[in-house]
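**Student:** So you can see what is in the structure, the chains are spelled out below.
Protein chains: 2
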Amino acid sequence: MKKIVQCVPNFSEGRDLEKIERIVEPFRGKDGVKLLDYQRDEDHNRVVVTVVGEPEPLKNAVVEAMGAAIDVIDMTKHEGQHPRMGAVDVVPFIPIRNVSMTEAIELSKEVAKEASERYNLPIFLYEKSATRPERENLAKIRKGQFEGMAEKLQKPEWKPDFGPDKVHPTAGVTAVGARMPLVAYNVNLDTDNIEIANQIARKVRHINGGLRYCKAIGVELKDRGIVQVSMNMTDYTKTALYRVFELIKIEARRYGVNVVGSEVIGLVPMEALIDSAVYYMGIEDFSMDQVLETRIME
Amino acid sequence: MKKIVQCVPNFSEGRDLEKIERIVEPFRGKDGVKLLDYQRDEDHNRVVVTVVGEPEPLKNAVVEAMGAAIDVIDMTKHEGQHPRMGAVDVVPFIPIRNVSMTEAIELSKEVAKEASERYNLPIFLYEKSATRPERENLAKIRKGQFEGMAEKLQKPEWKPDFGPDKVHPTAGVTAVGARMPLVAYNVNLDTDNIEIANQIARKVRHINGGLRYCKAIGVELKDRGIVQVSMNMTDYTKTALYRVFELIKIEARRYGVNVVGSEVIGLVPMEALIDSAVYYMGIEDFSMDQVLETRIME
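Chains B and F supply the protein sequences, listed in that same order.
Using the working numbering, the letters of the first sequence correspond one by one to residues -1 to 296.
Using the working numbering, the letters of the second sequence correspond one by one to residues -1 to 296.
Some clues are possibly wrong.
Just so you have them, the derived chain F footprint on chain B, three or more residues with Cβ under 8 Å [unchecked claim]:
hint : region
1    : 234 to 248
2    : 258 to 266
3    : 280 to 291
Pairs of lysine to aspartate or glutamate, EDC-like flavour, derived with a Cα cap of 20 Å [stated by the list, open to error]:
hint : chain 1 : residue 1 : chain 2 : residue 2
4    : B       : K0        : F       : E52
5    : B       : K1        : F       : D41
6    : B       : K1        : F       : E296
Derived CB-CB ranges, DEER-like [unchecked claim]:
hint : chain 1 : residue 1 : chain 2 : residue 2 : range
7    : F       : E40       : B       : N256      : 36 to 44 Å
8    : F       : D287      : B       : N206      : 33 to 41 Å
9    : B       : E101      : F       : D287      : 22 to 30 Å
10   : F       : R222      : B       : P81       : 54 to 62 Å
11   : B       : G30       : F       : G146      : 19 to 27 Å
To be clear, the hints were calculated from the coordinates, so they are not data collected in a lab.
Note that beta-carbon positions come from the ideal geometry of N, C-alpha and C, so glycine has one too.
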C-alpha cells in the first residue's frame, strides 16, 4: 500500500514570479511527488504550496525547494502583511494515506535535520513534532517575526531544535512539523449582524469552551448581506464537520436566526465529508475500505 | 489524467478453486490493472470479480480471463441457483474516473468484438451498449438460460451482436456492456412486518412509480427482528442516496414506523456519499475537485 503524505510549505515570496517558479520547480516532474496547487498573495508577499507524495521523494523535493527559497529570498528586504520569520516560513507535513502521525513526525524531523545542516538554518519543530508544549503553537514561535529572531534565539528557552543558535542572515528561521489536515469550513447565517456570528463563533470554538478541534471567528459577507461563522477544523477525525454544523444550528436559535448553508474552502479529505454522510443517513458498520477510490489508491 | 474503468465480470464457476484461480490469474500482477475482489458462491456456482484499470490493459486482461473461463468451464455440466447462459455470463464495464459513458460503451464493444473472434463466442451487447431497447435488460437476454440458448439464437430478433449465430457448445453465450456503478443501499425499519417493507419498496422503486434509478424489495432481517427496504441504486448521479433515504422516512410515517438506520453493501464511489453530505450540510458551490483524493488520483 502506497504511503501518501501532504506538505503545505509557506515561502516568503508572493510577488516575483520568476523567484516563485524557482521555488516550486523542485516539485515538478518527479516520480512520487505531485504538485497540487500553489497560491501566491501579493499583499502577504507569500506563496503557499500544496504538494503530495511518497515520504522519501517528497522529503527530497521539500529540502530542495527550501534551498531554492533560501537562495532567492532576502528577508532583510521582505515586507508583507502576513507574519513571517523566515524565507521558508513554515513546513507542515500531513499524513494522508497509510501513514501514521508518528511517521509524519519522523519525516518532519528528517527534513528539519537535513535542511538545517545543508543550509545552516535554525529550525523549530512545531505542532505534533514540538519538543516542548510552548513550541506547539506556530504563532508563539513566530512572535517577534524575522526582525526579532536574532534576539529571541539568544534566550535559552528559544534554542532551535536543529541548526545553529543564531538566525540565518537572509533566510531567518523556519518551523517544521506534522499536523492533521486542516479543513476550512464556514457556516452561513441569515442575518447581517456580525455580532451574532462572533457570539456563535465563541460558543463553538475550543478556546472559549467549544469543540476541541475547532477555531472560529465571525466574518461578514458584505456582497450577500449575511454573516458567517468561519472555521478551521484542525482534526476532522475527532471533531466532525456535521457536529459543528448541527451545533451552530442549535446556537443560532438563541438569536432567532437560521443557518442557510455552508461552504468548504479549498481541499478537503474525502473522509471528512463521507463521515458526515454516514452520520446523516445512519449508515451502520460503514468502513472507508468500502469506498471504491480508497481501494483504487491502495 | 489517468482514465479508470471498473469491470465486474461474472463467471459460471463457484466451486473449483483451481479453476477459479485460472480465471482470475490474468488480473494479477499487470501494470494498469488492479484486482480488487472476487467473491465465489457455491450455491450459485458462480464467481464475481471486481477489477479496475486503465482501458487498454483492462481490456486485454478481461479478454484473457474470458479465454481462461471458456477453457475451464463446461456449461453442459453446470448447475447452480443463479440464472446463467454462459461460462462468461456477463461482463459489465463501468466508467469510474476521467472516462465518459461513451468511452465505456466503446470499450465494451472492443472487448465483445475481440472475444467473439478469438473464442468463436456469440455475444450480446446489453445495458448502455445495447443495440436495441429489448437488449438493455440482462434478464431478457438471459431468459431461457444456457439450455435454451441454442433455440433462442435461431430467432432473427436474437441474432447476437458479435460472433456466430449459434451457441458455443461448452461456453454458451455472453453479455457484454457498459453501465453506471451500482450502489447496494438498504434502509432499516423498526418493525418486523415484511409487508410494510414491501409496500414502501413499491412506492420508492422506479417500476411502480418511484425514483428513476432505484430498484427495491422488502427483506426480513430475522436475527434483528426488523425488516429493510433493500435497494440497487442504478445511477447515483441522477437518483441520489439521500433522496431515497428521505423518501423512505416520509413513506414510513404512513405505517407509524421509523427508519432506524441504513447500510451500504460492498463498494461505493465516494461521490455517492459526498453528494449526500453536501445536501445535508447545505454546502454551497462544492466541486469534487476540492476532494483531496480526487486530486491525488489525477
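**Student:** Evaluate each hint against the coordinates.
**Tutor:** Results for each hint:
no.: 1; hint: 234 to 248; in the structure: holds (count 3)
no.: 2; hint: 258 to 266; in the structure: holds (count 8)
no.: 3; hint: 280 to 291; in the structure: holds (count 9)
no.: 4; hint: K0(B) x E52(F); in the structure: holds, 18 Å
no.: 5; hint: K1(B) x D41(F); in the structure: violated, 39 Å
no.: 6; hint: K1(B) x E296(F); in the structure: holds, 16 Å
no.: 7; hint: E40(F) x N256(B): 36 to 44 Å; in the structure: violated, 56 Å
no.: 8; hint: D287(F) x N206(B): 33 to 41 Å; in the structure: holds, 34 Å
no.: 9; hint: E101(B) x D287(F): 22 to 30 Å; in the structure: holds, 28 Å
no.: 10; hint: R222(F) x P81(B): 54 to 62 Å; in the structure: holds, 57 Å
no.: 11; hint: G30(B) x G146(F): 19 to 27 Å; in the structure: violated, 54 Å
Against the hints set out earlier in the document, violations occur for numbers 5, 7 and 11.
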